[in-house]
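A.B. asks: Now for the letters of each chain:
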Amino acid sequence: MVLITLVSSDEQNFPVERELLKQSGTIETLIVNMNLDDEDTDAAAMPIPLPNVKGDVLEKVIQWMEHHKGDPVKEGDNEDNNAEIVVPQWDDDFFKPAMYGSKHLELTVAASYLDIKNLLTLSCKAISNTFKGKTGPQIREEWGVPNEFTPEEEEAIRKENEWSE
Amino acid sequence: GIMPTSGLFCAEDDITVSGQSIVWDRGREEVGETRTVDLPPPPGLFLSPPPRTFVNVSSKRSFGLTGNEDDYAVSGISFNDLPNELLTKIIEELSLVDRASLAATNKHFGELQRKTGYRRFDLITFGPIYGDDDVDKKFLVSEGDNMQHLNIYPNDLSSIEDVSSYLNQAIVETLWIEGSIDQETERKLSIAFKTVKFQKLHVFSDNKYCRRLASVLVKGRKGIKKLNMSWCNLENNEIEEAKKALVTLPPITESCTIHSKNLIDDEILVHLVRKSKETSLCGTMTLTAQGLARAFEMVYASQGANKLGVCVASTVILEFIRHLDPRNFSVENRFFYVIPWKNITHLKSGAKISYDCNSNGLCHVTMQLKNEKSVL
Chain A
1 MVLITLVSSD EQNFPVEREL LKQSGTIETL IVNMNLDDED TDAAAMPIPL PNVKGDVLEK
61 VIQWMEHHKG DPVKEGDNED NNAEIVVPQW DDDFFKPAMY GSKHLELTVA ASYLDIKNLL
121 TLSCKAISNT FKGKTGPQIR EEWGVPNEFT PEEEEAIRKE NEWSE
Chain B
1 GIMPTSGLFC AEDDITVSGQ SIVWDRGREE VGETRTVDLP PPPGLFLSPP PRTFVNVSSK
61 RSFGLTGNED DYAVSGISFN DLPNELLTKI IEELSLVDRA SLAATNKHFG ELQRKTGYRR
121 FDLITFGPIY GDDDVDKKFL VSEGDNMQHL NIYPNDLSSI EDVSSYLNQA IVETLWIEGS
181 IDQETERKLS IAFKTVKFQK LHVFSDNKYC RRLASVLVKG RKGIKKLNMS WCNLENNEIE
241 EAKKALVTLP PITESCTIHS KNLIDDEILV HLVRKSKETS LCGTMTLTAQ GLARAFEMVY
301 ASQGANKLGV CVASTVILEF IRHLDPRNFS VENRFFYVIP WKNITHLKSG AKISYDCNSN
361 GLCHVTMQLK NEKSVL
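The listed protein sequences correspond, in order, to chains A and B. For the first sequence, UniProt numbering gives the first residue as 1, with consecutive numbering after it. For the second sequence, UniProt numbering gives the first residue as 1, with consecutive numbering after it.
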């Protein structure tokens, strides 16, 4: 089993099975460009630095990839697929404990940076699920969004959105 | 383990970059190694040998993101800090009602929500204003908990940029177009619906521009479940164009219903049976017994539609029956109340043809696989 070492921004090293990394477009490109797939290359001696991902986040990303090992990797946006995305139970359980904190957001940013399409899609969908049936003030409170509106502006928005009540 | 290369900045524990190539010397045990890659360097690549401590992900923690902030070395980002690209992805997944709620939290989110396409609707209609329509709610109406309806009236198209921007990449289950339109409206609707992804298209108008709009909307589309169109009253110069549009129809995964007059011939019939799971053709047709036989062969051999409804002259169905091989088919007479009809069964597959004829010599024929439930 070929192991490739990922190095987080805080210089933690994560030896990861080569196969898992196919889920990440960014790392896959690096592996190809660095010829780490060559038999002659000592992949273990050539760590891949990920300066935008902290160790604790990278650890979660790897956990997620391990669970989804063997899943088909999404190739770009599927324009023909109109179906609404459903977050599977395992992923929901994985995301839920940290949903309203920074951890889930950091995981989402990491998924984007690492180009892990399935993780990014599910992670964004999990966030959007938290908005279901909530009012603006409720979303503000749960996600810590500052209220920039004057009372007059807020009243105007409420009137504009009367159709949705 | 760092070796400066000619004319390039090189600092300890840092990267050495030379335009389109990167040259570095990495410390590997006592020996070291030099590699040259004729590609731009990967972001953040550094040269120091890997630290000797490794994190074993599987054994360190059980699955799940922990909610304990202490687990994170640096305090993280907030929802407001997410890049627009990610916020847009999140917004795309929201229903219209939830988008409105998010827009009401903050000016930035409001602006982003307005610019983000991918709105989801159950139904978008375009048509004339009827007496009981509330035109003040013409552009956005939500009915019930989960139904997202959008009614577009002809006057809304005066600002086609606004409409097409609002409908950019919209996802709709049913797109419903009715009433006569003029050439300019056809052009505007083509723009408005250009990127709209629909599953079902109903065009209840036999207006020339509406027909042309329908052809444009289905051309090259994938994922269409239902198609319901009218192609009657064609002008002579339209017939060839209409036939071309029908033979280039994309696959219809559920049902295709076409009302037409003297447009469906054997070639189009076979094409439609091949492309759609259920095909229902109304109006007069120029079909032959051979075309009917080929269509039935496709139905019982499961080479296309598993249900076909079609109208033919009684002479055509009689000729079709005359040519059936009695070793492969059985024919029985039945009555539905007082109306006589016949049932022909393909013995091997169990597929059936039922038909009844009216006094004008026109027969309505239904072909279907055994026990096939209709989705029409």
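Hints may contain errors.
What the hints assert, rightly or not - Think about it this way: if two alpha-carbon atoms lie no more than 27 Å apart in a straight line, the pair counts; the simulated DSSO-like pairs of lysine-lysine are:
#	chain 1	residue 1	chain 2	residue 2
1	B	Lys-261	B	Lys-115
2	A	Lys-159	B	Lys-107
3	B	Lys-194	B	Lys-208
4	A	Lys-22	A	Lys-69
5	A	Lys-74	B	Lys-225
6	B	Lys-200	B	Lys-244
7	B	Lys-107	A	Lys-134
8	A	Lys-134	A	Lys-22
9	A	Lys-74	B	Lys-115
10	A	Lys-74	B	Lys-208
11	B	Lys-244	A	Lys-74
12	B	Lys-107	A	Lys-74
13	A	Lys-74	A	Lys-96
14	A	Lys-74	B	Lys-222
Quick caveat, the hints were computed from the structure, so don't treat them as lab data.
A.B. asks: Please name the hints from earlier in the document that this structure breaks, with their numbers sorted from lowest to highest.
C.D. replies: 1, 8, 10, 11, 12
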